[in-house]
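Enquirer: Take a look at the letters that make up each chain.
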Amino acid sequence: MVPTQVPRLRVGALLVMAVTFGCSDRNVTDGSPELQATVEPIYDENGQPQSSYYSANSQMTWTTDSSFEPVGASYTRNYFEEYSWLSPYHTWDNVNSYSSGDLPFGSSVPPEIDVGSARLALGAASAPEVRNRSGAIVQPESSRPSMASDTIPMAPITLPTGGPPGSPSASTSLVTAGISSRTGPARPSFDGPARRGAAVERLVATRQTSARVLARLRNDFDESPGRGGVFRFTKGVGTTVVTAVFNPGIGAITEMTTREGDRLLAQTTYRYKAAPKLGGFVLEEVVTQLFGPTGAKSRAFTQTYRDINVK
Amino acid sequence: MIRSTMLRMLRTVAWPAFVFGVLPGVASAQSQDQRVVFIHGLFGNNLTWQGTGNYLAQLYQIQPWYPNLGWTNTFETQATNLQSALGSFNQFNAMAWSNGGVAERTYVQQFGASTKLVRGFTVGTPHRGALLVQNVRDGTAGRYASYVLNSIADPFNFYYAWDQDFHDAMDFGPNVIIRVTMELMAWVGYYFVPIINAVAVPASQSVPVGGEMIPSSSFMATLNSPSRLSIEQANMPVRVSAGTSVSPQNAFFTLFSDEPQKWGAVRRLVEYYCFLLYDYYSAHPDFFLQANAWRWLQCAQSMEYFDVDWHFLIGSVQAINNGIVYVDHQDGLVPLGSQTWPGATVQENRLWPTYSIPHRRQITDPAILTLMQSVVNVRFGIPVRPPPLQGSLSGPTAIEEYANGTWSAGASGGYTPYSYQWYSDGYASGTGPSLTDGGWGGGTEHSIVVVVTDSRGGTSTRDLSVYVTYGGGCIYPPCPQ
Chain A
35 MVPTQVPRLR
45 VGALLVMAVT
55 FGCSDRNVTD
65 GSPELQATVE
75 PIYDENGQPQ
85 SSYYSANSQM
95 TWTTDSSFEP
105 VGASYTRNYF
115 EEYSWLSPYH
125 TWDNVNSYSS
135 GDLPFGSSVP
145 PEIDVGSARL
155 ALGAASAPEV
165 RNRSGAIVQP
175 ESSRPSMASD
185 TIPMAPITLP
195 TGGPPGSPSA
205 STSLVTAGIS
215 SRTGPARPSF
225 DGPARRGAAV
235 ERLVATRQTS
245 ARVLARLRND
255 FDESPGRGGV
265 FRFTKGVGTT
275 VVTAVFNPGI
285 GAITEMTTRE
295 GDRLLAQTTY
305 RYKAAPKLGG
315 FVLEEVVTQL
325 FGPTGAKSRA
335 FTQTYRDINV
345 K
Chain B
985 MIRSTMLRML
995 RTVAWPAFVF
1005 GVLPGVASAQ
1015 SQDQRVVFIH
1025 GLFGNNLTWQ
1035 GTGNYLAQLY
1045 QIQPWYPNLG
1055 WTNTFETQAT
1065 NLQSALGSFN
1075 QFNAMAWSNG
1085 GVAERTYVQQ
1095 FGASTKLVRG
1105 FTVGTPHRGA
1115 LLVQNVRDGT
1125 AGRYASYVLN
1135 SIADPFNFYY
1145 AWDQDFHDAM
1155 DFGPNVIIRV
1165 TMELMAWVGY
1175 YFVPIINAVA
1185 VPASQSVPVG
1195 GEMIPSSSFM
1205 ATLNSPSRLS
1215 IEQANMPVRV
1225 SAGTSVSPQN
1235 AFFTLFSDEP
1245 QKWGAVRRLV
1255 EYYCFLLYDY
1265 YSAHPDFFLQ
1275 ANAWRWLQCA
1285 QSMEYFDVDW
1295 HFLIGSVQAI
1305 NNGIVYVDHQ
1315 DGLVPLGSQT
1325 WPGATVQENR
1335 LWPTYSIPHR
1345 RQITDPAILT
1355 LMQSVVNVRF
1365 GIPVRPPPLQ
1375 GSLSGPTAIE
1385 EYANGTWSAG
1395 ASGGYTPYSY
1405 QWYSDGYASG
1415 TGPSLTDGGW
1425 GGGTEHSIVV
1435 VVTDSRGGTS
1445 TRDLSVYVTY
1455 GGGCIYPPCP
1465 Q
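So the protein lines, in turn, are chains A and B.
Quick note: the first sequence uses my numbering, first residue 35, plus one each step.
Quick note: the second sequence uses my numbering, first residue 985, plus one each step.
The reader is advised that the hints may include incorrect statements.
What the hints assert, rightly or not - Computed footprint of chain A on chain B, listed as stretches where at least three residues anywhere in the stretch have a Cβ under 8 Å from a Cβ of chain A:
| # | region |
| --- | --- |
| 1 | 1123 to 1129 |
| 2 | 1261 to 1269 |
| 3 | 1289 to 1298 |
Since the hints were derived computationally from the structure, they do not count as laboratory data.
All of these numbers come straight from a predicted model, not from anything done at the bench.
Think of the CB as a built atom: it goes at the ideal place given N, C-alpha and C, for glycine as much as any other residue.
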C-alpha cells in the first residue's frame, strides 16, 4: 500500500533567534539525582538542534460515547509521522503519511471544497457565496489553514472580550491577569529553542530533554509537590486549569489534566518505555480519557507509538 | 399570494369538505373515476399530495381526494377524521406517505368491516415506528446536536482565545469566515440547542402522535399484532408497500440537500484539519496549549463518527463487528425495516445504489412516480385515462338546390359509447352518426352542427357551412339552361 502524504503543516518557527531562555547549558538542581548532572546542550551555538529528524509509527484509537453512539464501535487509524528540522527556515516540518485505508478523510485525497457551491435544497434557498463581515464576497485562497508562521511579524496580543460561550468566558482583564500574573513576560514559552525542541521532547526523554521540559514547566506553571516524588505543575488561564505531572524518574510528563472550573474535562496519561540506546525513554502510549458533565468517563483516545527514530 | 389562495379556496371548496380539509380533485376528473384518497404524513396537510395526485389523475381514471387529517393528532383521531372526510362514499383506494401510512392502517383496523378503503398503498411509512422521534422526545437528539456543534467550535474558540498564532491565523484574510462560523456554532451549541431542548422537546412530547411513533410504544405493538393484521387483511385485500433508501454515507445531509456528498466533503475536511491540528498542538512547546490538544481529537472524532451517530439515532444500525458498523437500508430518516409493511401483499422497494431517494422525495421522485403508476394501474386496477373526446364531421360543403345531402360524424377518445345530436341552422335535426337534410333553395347557406357526447358526459362539437347552388351547380344566376 502506497502511503499518501498529506499537506504539510509547518510547526514552530516564529521566533527563530530569540532568547535562548532556559537554554541548554543550565544546570538543573532540583528533582531526582539523574537530573542533577550537567545537561548536554541540545542545540549548538548556532541554534540548530542536535537532532534534526525523528519519526514514529503512530496508531490512534478511540472509543464511542455511549450517550449518542452504538456501544462497541471503535475506530483505529495508523499513520507514519515525521518531523524534519529545516535549517534554512529554522522550523520543523511535519509530514504524516497514511495508508489509504487510514486516511482521516476517507479513501481519497483531501477534498477541495467549494463551500459556496454546496447548494441547499430547502425550498428555493441557496448559499452560493461566502461573505466576510463587511458583506464582500471572499474567495478562499486555499483549503490549507494559515498558521501564524505564515504571517510573521506577529500582531500584538489582543484577547477577545468575552467571546462566544464555547470559548473561555473570562473577561479581558481576567485574561490579562491570568497570563501576566503567572508567567511574567507575556509569552515566555514561545521562545525559539523551546519551539524547536518541543516536538522531540514529547517523544523522547533524555537528560537533555528532561531538563528542558522541567525548566519550562517551572517557568510557566506553579509547582507543588506530588505524591510518590513526582512534581505537580498547575496553570490556570481564564477558567481553564491545566495540571501537569512530571515524573523525575522518567524525566518526562506522565499526566496532564484539563479542568474547567471544578469540572474535570480530560485526563491524558503518557506511558514510556526504556530506550537504552538513546539513554532514556521513548513515548509508547498516550491515553486521553474524557469526562462527561456528570464526571463519568465518556470516550477515550489512545495513541500508541512504535519505531521511534531520532536522528 | 395568500389572498389569492384563500379566494380560490373559498370559491372552489365545498364547505363540508373544507371542514375536513378535503380539496376536490382536478377539474377533468369524472364522477365515474375511481376515488383515491391521498393521505399526508407528519407536518403534512391536504396540499402535500396535490402535485403528485393531480399528475396521476391526468394519467389514470382517478378522482383524487386530499383530506387534512391534522398531523399532530393521534393516529386514532386521524382515522376518525379520515372516516368523516370520506363522507358517504365507499370503495376508496388509498395512497399514503410516511406517517399517513400508519393513519391509513389505523383507519382500516379501527373501522373494520365498515372501512371505506379497499386498496392501500404506503411509501416511506414507519410501520414499526421511528426511533428518531424517540430520540427527539427524550432530548437525546438535542444533546447530540449540541455536542456536535460544540466539538467543532470548542477547539477553534479555545485556541483562538489562548494561542496568538491561531488567533492571528483565524483573523487573516478569508479565514475570518471560519472564525465567524465558529462563533455562530458556539452560540447555537450553547444557547439555541438548549432552548430547543427546553422548548421543542416538551412541545414534541405534547404532540399526541409523537408518543405513538416510538417503536417500543404500545400503539406500535398493537398496530402490528397478528389480530390487527388479520383485520387489515380481511377488510383491505390489496396492500402495497414501498420503501426507498439512500447511501449510508452522508445520509443525514440527504434530508435537506440534493448534494449530500458536498456536505459530506465539508465534514471530512473539518475532520481532516482537526486531526492535523491535534498533531500540531500535541507537540506544542506551550504545555498549557499542549494539554488541551485533545479538544481537536474530539472534533475529529465527532466528524468521523457523524454518519454512524446518525444511523444510530434513526435506528438503522444493525450490527457492529470488529469496529465495523453495519446498517440497514434507510431513506435518511427511517430504516427500511420499518418501511416494510407487515402483511403487505406486495412490497416494492427502490433501493440504493440503483436508486437514491431520500425521505423528502418519496412522492415526487420519477422512479416513485413510475412505481405509483404501476400500483394504480396494475395493483389497484384503475384504467388509463383515455385521451380527450374528439368529434369529427364530414360531408359535402355544397349541394344543389332542393336536393339532400348526407353528413357523417365520428368520435375518438373519451368514453364509449358515443351519442350524436345534429343541428341544422340551429334546430335539432337528427341523432345518430349521420344526418340527411336539404331541400333548400339555391343561393342560400346553412349550418350543420354535430355534438358528440361520450358515456360520461364529455362533449365535442363540430360544424360546417353548406352552400346551396342552383341547378347544375351554378353559383351565380343567370345559370345556363
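Enquirer: Could you work out which of the previously given hints the structure breaks and list their numbers from low to high?
Expert: Hints that this structure does not satisfy do not exist here, as all of them hold.
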